[in-house]
Amino acid sequence: MKDLGGTLATLAGYFALMSLFAIGGGNSAVPEMHRVAVDVQHWLTDRQFSDSFALAQLTPGPNVIIVTLIGYHVAGVVGALVTTLAMCGPSCVFAYFVGRAAERFKGKAWHAALSRGLIPVTLGLTTSSATVIATTSDYNWVAVAITLGTALAAFFVRVHPLWAFAVAALLGLSGLV
Amino acid sequence: MNMPSPAPLDPQSPAAEPEPSPAPAPQQTRPSLAELFIAFATISLSGFGGVLAWSRRMMVEERRWLTPEQFNEAYALCAFLPGPNIVNFSVVFGSRFRGPLGGVVALGGLLGPPVILVIVIGAIYAHYGELPVLRRMLTGVASAAAGLMMATVAKMARPLFRNRAVVGPLIALAVFGSIGVMHWPLPLVLAVIAPVSIAYAWVRS
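Going line by line, the protein sequences match chains W and B.
Heads up, the first sequence is in my numbering, so the first residue is 1 and it goes up one at a time.
Heads up, the second sequence is in my numbering, so the first residue is 1 and it goes up one at a time.
You may find that some hints are simply not true.
What the hints assert, rightly or not - Every beta carbon over 12 Å from chain B, so not counted as near; a handful from chain W, in silico:
1) Asp3
2) Leu4
3) Gly5
4) Gly6
5) Thr7
6) Leu8
7) Ala9
8) Thr10
9) Ala12
10) His42
Stated by the list, open to error - Simulated restraints, written as ranges between beta carbons of each label pair:
11) W:Val144 with B:Ile38: 38 to 48 Å
12) B:His127 with W:Asp39: 20 to 30 Å
13) B:Val133 with W:Phe105: 48 to 58 Å
14) W:Thr10 with B:Arg30: 35 to 45 Å
15) W:Val144 with B:Ala199: 36 to 46 Å
16) B:Arg164 with W:Leu170: 35 to 45 Å
17) W:Lys108 with B:Lys155: 22 to 32 Å
18) W:Tyr139 with B:Arg158: 23 to 33 Å
19) W:Leu4 with B:Arg158: 42 to 52 Å
Just so you know, these hints were derived from the structure itself, not from any lab.
Using N, Cα and C, we set each Cβ at its ideal position, and we do this for glycine too.
Just chain W, with the same shape it has in the complex (with noise of 0.2 Å):
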């Protein structure tokens, strides 16, 4: 219980700050999570982070309460609220001010190039979450055969999500993975 006051605030300062570059969605965030938790902070394992990420997709209700599950790990049930109220803090503020003012600047020049400009950084983002889940899983042939099985039916046929969980983890369960 050494310094929790100095965990939880670099907890926070962290997660806040993530919060205000997640462009395009929580998850494109994963990789800077990842660096933090794991590489900089030594947190979390490889795999806790990946088991974390599974966690958190397999829990309803947005994917970002990954963070919530890093926080718990880092520092029970207060590093766990800190966490969350981090991540989406600043992001909700900012979303407030925005959407009062959405009104103003609906059709303006800017507010078309901004978002069009936005969607290749957020191609490039969700692409690194999924390389980096893929390379901090325990992976063998099994597993990248789910992760391309996987992508293959869902950009064919619209896939619901539950359903691929069920079918990789009763993969995982038979003992293949």
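Mind docking chain B on chain W? Use the hints.
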């Protein structure tokens, strides 16, 4: 057709647009704080990965708090704001009907139940996370989730490559190289690349 919302995202409320609507005219209502909380808690707990579909069904079809156009606009706005889209949506939506408190209540409904749930799950994981069975299942799920993201990437990339664009794919590649391969800090990378990408989109238009 009373629309007493303080800041409607769409000035053309259905009242201003006399489209030939089906027999029972879609009467828009204004949610109370309790309704906001329950609505977002319900969306949150029923939405595995597909939160958008659920929120649309509730906001537009069941409760008629938004017209389809208003929903699309609000959602498009939230998609380009930083942070999780649905989290932004709860704040924008709640505050639109009930001011700042409405935003907080909607956010609380969205995050409260799953946060409690995931803390319980985290506690269970802390005890049993080393069980081989659980580890293998989670590895399977993480692998599938990575695959789902790859499919999303492929779908997003299609329009980008369709008109033989060069700069867009290069920017996506640069972001991927610095974040996904080099593992550089996100704020640093975005501070450089995002302005370039937006400036290019601005010049092109």
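Hint check results:
1. With a minimum CB-CB distance of about 21 Å to chain B, Asp3 of chain W clears the 12 Å threshold, and the non-interface call stands.
2. Annotated as non-interface, Leu4 of chain W keeps its C-beta farther than 12 Å from every C-beta of chain B; the closest such distance is 17 Å.
3. Every CB of chain B lies more than 12 Å from the CB of Gly5 of chain W, the least distance being 20 Å, so the non-interface label holds.
4. A cut-off of 12 Å between C-beta atoms confirms that Gly6 of chain W is not in contact with chain B; the least separation is 21 Å.
5. No beta-carbon of chain B is positioned within 12 Å of the beta-carbon of Thr7 of chain W; the least distance is around 16 Å.
6. The beta carbon of Leu8 of chain W sits about 16 Å from the closest Cβ of chain B, which is more than 12 Å, so the claim that it is off the interface holds.
7. Annotated as non-interface, Ala9 of chain W keeps its C-beta farther than 12 Å from every C-beta of chain B; the closest such distance is 18 Å.
8. Annotated as non-interface, Thr10 of chain W keeps its C-beta farther than 12 Å from every C-beta of chain B; the closest such distance is 15 Å.
9. Its beta-carbon lying about 15 Å from the closest one in chain B, Ala12 of chain W satisfies the requirement of being farther than 12 Å from that chain.
10. Listed as outside the interface, His42 of chain W is consistent with that label: its C-beta sits roughly 14 Å from the nearest C-beta of chain B, beyond the 12 Å cut-off.
11. Roughly 43 Å separates the CB atoms of Val144 of chain W and Ile38 of chain B, a value that falls within the hinted 38 to 48 Å.
12. Restraint check, His127 of chain B to Asp39 of chain W: a C-beta distance of roughly 26 Å satisfies the suggested window 20 to 30 Å.
13. Distance hint for Val133 of chain B and Phe105 of chain W: a CB-CB separation of about 52 Å, consistent with the stated range 48 to 58 Å.
14. Remark: the range hint 35 to 45 Å for Thr10 of chain W to Arg30 of chain B is upheld by a beta-carbon distance near 42 Å.
15. Range check, Val144 of chain W to Ala199 of chain B: about 39 Å between beta-carbon atoms, so the 36 to 46 Å window is met.
16. Hint check: Arg164 of chain B to Leu170 of chain W, Cβ distance near 43 Å, so the stated range 35 to 45 Å holds.
17. The beta-carbon spacing between Lys108 of chain W and Lys155 of chain B, approximately 28 Å, falls within the hinted interval of 22 to 32 Å.
18. Evaluation of the 23 to 33 Å hint for Tyr139 of chain W and Arg158 of chain B yields a pass: the beta carbon distance comes to about 28 Å.
19. Remark: the range hint 42 to 52 Å for Leu4 of chain W to Arg158 of chain B is upheld by a beta-carbon distance near 48 Å.
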